[in-house]
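Asker: What follows is each chain in one-letter form.
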Amino acid sequence: MPQNLATDAEGRLLIDVRGPRFGAAITTVVLATALVVQGPVGIGLVAWQWAVFGVATFAGLAWSPYGQVFRWFKRRFDLGAPPETELEGPPRFAQTCGFAVTTVGLVLFAGGLTVAGWVAAGIVLVLSMLLATTGLCIGCELYLFGQRLQARHGARDADNGGVA
Amino acid sequence: MDPILLRLLLVAGLLVVVLAAGWLVQRRDGTVRHGGDARLRGDHLAAVGLDLSDGAAGAVLLGSPTCTPCDSVKRVLGDIEVERAGFRWVYADAADHLALADEHKVMRVPTLFMVAADGRIMARSSGVPRHDDLRRVLDAGGDLGTAA
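Chains as they are written, first to last, in my numbering: chain A, 1 to 164; chain B, 165 to 312.
A portion of the hints provided could be inaccurate.
Stated by the list, open to error - Listing some non-contacts, in silico: residues in chain B with all C-beta distances to chain A over 10 Å:
1) Met165
2) Asp235
3) Ala249
To be verified - Rough simulated footprint, nothing fancy, chain A against chain B, three-plus residues with beta-carbon under 8 Å:
4) 204-213
5) 227-234
Because the hints were derived from the structure by calculation, they are not lab data. Beta carbons are placed, not taken as given, at the ideal position from N, Cα and C, and that holds for glycine.
All chains should be modelled from the sequences, with the hints used to inform the complete structure.
Answerer: This is the structure:
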């Protein structure tokens, strides 16, 4: 890990709850700019955002570029201790969702389907806008949903009849 | 019109729609609703470990290990527990109590059930409820009137 970051009793990374929202604000600016200018510069910005999602997905949020910016910003402007911390699981999964959709977008660009590519980029833009402005993280909710489905399957295998 | 201007308008339009949708969702979030005529079954109460046999009201909070707002709900419940003699609450992982979650259509965590001593659900909420709303439920014994 790049710095000493907080972990819970089981060694899972704990992050400042303000971090994902800060990152989403940067994502919003990057993708909004991309959508407005389009062309090679716009596609370059989408590719940059894809790489950022990729780092957070595969290396973890400790390595997230926007997370680094947030930590620098926090020190520089002395934002103080986190009001709360959360496990990295859900926000990391949300980054994975962003990675998946921007991958689709880039493939569409490469295939010459420019308009469809911008629709994909627009979806990621809307979701990061939602997180940045209201704190609502759709990707995180999906993670909880997935976990519950998984638990449900587990329960069904173990005890046939516990769940209708 | 200049395409750049058009796209700027598109982004601005998206922002307005997102703000409106976020505002609507947040207004609903944490709203304490009437429990209808539903009640928590005795075996479900026993499974989550809530004992109301002495006639006090209590609460069941369904959460998950990775749910951050659940901690905020726990704090609210902790405050209420200090104020109200007899009030008690339990936290349970929704994944461990799927029968209860299915029966009461729990779609997301945190979901809170305020339960009367006889198992009747006085009120329920998804998201982080406000202190005053929970106090009102306890004061009224679940009769939230038209506001609910």
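Asker: Which numbered hints does this structure break?
Answerer: Hint check: 2 and 4 fail, others pass.
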